[in-house]
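*Asks:* Here are the chains, one letter per residue:
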Amino acid sequence: MAAIIHVKDLSKAFGEITAVSGLSFQVPEGQVYGFLGQNGAGKSTTIRMLLTLVTPSSGSIEIFGLDLFKHRKEILRQVGAIIERPDLYKYLTAYENLKLFATMSGVRATRQKILEQLTMVGLQDRADSKVKTFSQGMKQRLGIATALIHDPRLIILDEPTNGLDPQGIADVRNLILHLSREKGKTLVISSHLLSEMELIADSMLIIDKGKKVVEGLSKELLNPDTLHVELITGDKQRTLAVLKESEWKSNILDSKDESILVMMPAASVPMLNRLLVEKGVHVFSIRPKNSLEDYFLSLTRN
Amino acid sequence: MLQLLRIELYKIFKRPRTYIAFIVITAIILLLQIALKADGKEYVGMMMSGMDDSFFAPPTEVLNGYTVCFIILNLLLIHVPILVALIAGDMISGEANMGTLRLLASRPASRIELLLVKFLAATIYTLALLVWVALLALGVSILLFGTNQMVIPREFEFNIIDTGDVFWRYMAAFAFASVGLITVASLAFMLSTFVDNSIVPVVGTVCVIIIFTILTQIQIPFYDSVEPYLFTTHMLGWKGFFYVKGEEGITIDGSVENLPAVLKSGAVLLGYSLLFLGIAIWHFRRKNILS
Amino acid sequence: MKRCVVFLLMMVFVQLNLKAQTAEELILKVKAKLDKVNDYEAKGKMKMNITFIKAPIATIKVYYKKPDQLRINNEKGISLIPKGSVNINIGAILSDAGSYDIIDAGKEDKTNFRIVRLLPKDENSNVVLSTFYIDAEQGLVRKAKTTTRDNGSYELEMAYGKYAEFGLPDKVVFSFNTKDYKLPKGVTFDYDDGSKKVTDKDKTKNRKGRVEIVYSAFVINKGIPDSIFSQGSSKR
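Residue numbers (the numbering used here), protein chains in the order written: chain Z, 1 to 302; chain X, 1 to 291; chain G, 1 to 236.
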């Protein structure tokens, strides 16, 4: 599958504060791509860079195979997004907001088309109400409608279920699945809730403190038979070198701080230990984690 | 671009706030007109106070539509710029504050396009406000007070302009004032690219205008040397069109006492506008939109 | 011899005749002419030449009624009228001849006009002194200098034509000292065009102002309603 987004070594620093550091990932076309991290992990900054709201300090972004900053207009014409809170023009009606954003994306939307969009997000009855009279959930849905009004190829939704009630969350989830399965759209969904991503994401990227923790297909990352083993050794570089020559070379998920995260079946853990010892690496700890969720929770707890 | 401009204008003129300026202006002007109609003698007395001892002119003749409009414009010197700042200072920062700026800036239109279109929209608003001021201050004053020769009391001079020689001066003055107000708009606009709330640009612009105006009017030699660099000094240039040339005390119809100075002031204002707009573009292009 | 005597007698007579026209008589002669006019309405143009004023030439109507009512109306503009303008009418000054001491001050060299000074008997009178230059032959005042308590001193110069028989001039030049003119900057909010001002003092100092009225037509003794003089307001 071709990558629709190709991010390489992306970094962003605001003065002294590094928000994103050396981040690389690829979003395959047609997938729902979950972008996970706790608040402040750098999700929003990354998404803002994908939308040219923030200029990267270094690194490159390609979308649809084109350099984002050189082909900004072409690319953004085919991208729909909501970023954080669904803020719209409160003094305009739902209909007027949709019309306005369609025009902003270079699309002449007919009344028919706008009403269709409103129906899709369940706001058909409120088309001519001012947005200031809307509940948070209604605003969120209208926000999604504005992101979709120009029928984009790539849809980026930043925390789309924030502030929604359980029914609202379910509605958004169904909408995302509908867009992906039936309309063949590529969606990048950011969230700080793994449980939510488990239900919809085909692939996932977890970041923490601006760095990638793990990236992979959800079914692999979340496979109950697969353990995520956190290794702490006396010599990290040497450990990595040993691992890269072993049968688990493609299972190294991440190495941050002193720890290294490796994905492997439970039965293989003793073999890994033996190999390291044989190679003269001092193993301080090998800690298997039951699921990605545990790992993610441990991150969040920190 | 045209589509974008239409959107911006649509946004401006859909907002209740926009009409506040028009309502405020209408109220102020009508109140002044009523006050002058009811008791204009006092004001005429003040205007004529410089030569009370030697001359007399009937207040009813002095207080005609043309002179009344001039009085009103003098009194609105600060108000109209404030109202312009109110909208222009909100153009970018207001969107940032509302959270819609990130939505706009993540659409295909480039930052420069977005900024220029917004500036243009602010300019159109400014001109609309000025046309409204002209209609009320000049049009309604003429209806209420009729026309006659216009009286211009100056610091060291007293000018009377022939009735037939006034109207074009007003048109020229309004054209000049539009440049002055666009300078105010561009200052407020520039400030609005720097912050994420509208209070700072609006209050900032108003403060700058008030402080500069005080510096312009204050008579301390030190400030006199600063005066030529303050744009508020040049904003008074519209009055230059009402300063006539005279020969042995007789006004020369169609003449302007110091046209080159007026044009220069216009050029200075234009220069400031471009400078402010340039800074706005420079900054907005590189700005990380985090709101 | 006889001829000589006759000549001498004639000389004496002429001399006596001329001598006989005393200053008082001269004033009476002037006044007699002016007395023919009860009122008039005149059309004319008024030009002002005053350092601190720029104004268009005014098309004016002047209304006068005995003894001292005068009004100048600008037909197509603002009637900016110098105070004390009532005195552009000699009749007004002479209206009460009995209240002056009349002093003969000889003749003006160049013009041979008789110089007559009028001193008000009333010590509180606004007019302190008037000096008339009179064309004795025609009985017309050609020039008048008046010093007043309130309005400074002013000077009138007159040229006569069609209406000389009524003592009404075709042209009057009214010169007077203007007081300072200055308004506070905060009131005017002047536009400072950056040019060096003819500095404050030069421009506002007491200077001579000149108002020139050229009459084109008089309508004499056709009656003028009093209301004309009271229009407008507190005009003096």
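Hint data in this document are derived by calculation from the structure and do not stem from the laboratory.
All C-beta atoms, glycine included, are put in the ideal place defined by N, C-alpha and C.
Just so you know, not all the hints are guaranteed correct.
Unchecked claim - Straight-line Cα separation of at most 27 angstroms, DSSO-like style, residue types lysine-lysine; simulated pairs:
1. G/K83 with X/K37
2. X/K245 with G/K47
3. X/K287 with Z/K73
4. X/K287 with Z/K70
5. X/K14 with Z/K132
6. G/K110 with G/K83
Said to hold, decoys possible - Chain X is nowhere near these chain Z residues, computed Cβ spacing over 12 angstroms in every case:
7. K8
8. A19
9. P28
10. T45
11. D67
12. I83
13. P86
14. P166
15. I169
16. I252
17. E258
18. I260
*Asks:* Hints first: check each against the structure and report whether it holds.
*Replies:* So, going through the hints one by one against the coordinates:
{"no.": "1", "hint": "G/K83 with X/K37", "result": "holds (26 angstroms)"}
{"no.": "2", "hint": "X/K245 with G/K47", "result": "holds (15 angstroms)"}
{"no.": "3", "hint": "X/K287 with Z/K73", "result": "holds (18 angstroms)"}
{"no.": "4", "hint": "X/K287 with Z/K70", "result": "holds (17 angstroms)"}
{"no.": "5", "hint": "X/K14 with Z/K132", "result": "holds (14 angstroms)"}
{"no.": "6", "hint": "G/K110 with G/K83", "result": "violated (32 angstroms)"}
{"no.": "7", "hint": "K8", "result": "holds (20 angstroms)"}
{"no.": "8", "hint": "A19", "result": "violated (10 angstroms)"}
{"no.": "9", "hint": "P28", "result": "holds (22 angstroms)"}
{"no.": "10", "hint": "T45", "result": "violated (8 angstroms)"}
{"no.": "11", "hint": "D67", "result": "holds (15 angstroms)"}
{"no.": "12", "hint": "I83", "result": "violated (5 angstroms)"}
{"no.": "13", "hint": "P86", "result": "violated (8 angstroms)"}
{"no.": "14", "hint": "P166", "result": "holds (25 angstroms)"}
{"no.": "15", "hint": "I169", "result": "holds (21 angstroms)"}
{"no.": "16", "hint": "I252", "result": "holds (33 angstroms)"}
{"no.": "17", "hint": "E258", "result": "holds (33 angstroms)"}
{"no.": "18", "hint": "I260", "result": "holds (34 angstroms)"}
Violated hints for the displayed structure, listed by number in ascending order: 6, 8, 10, 12, 13.
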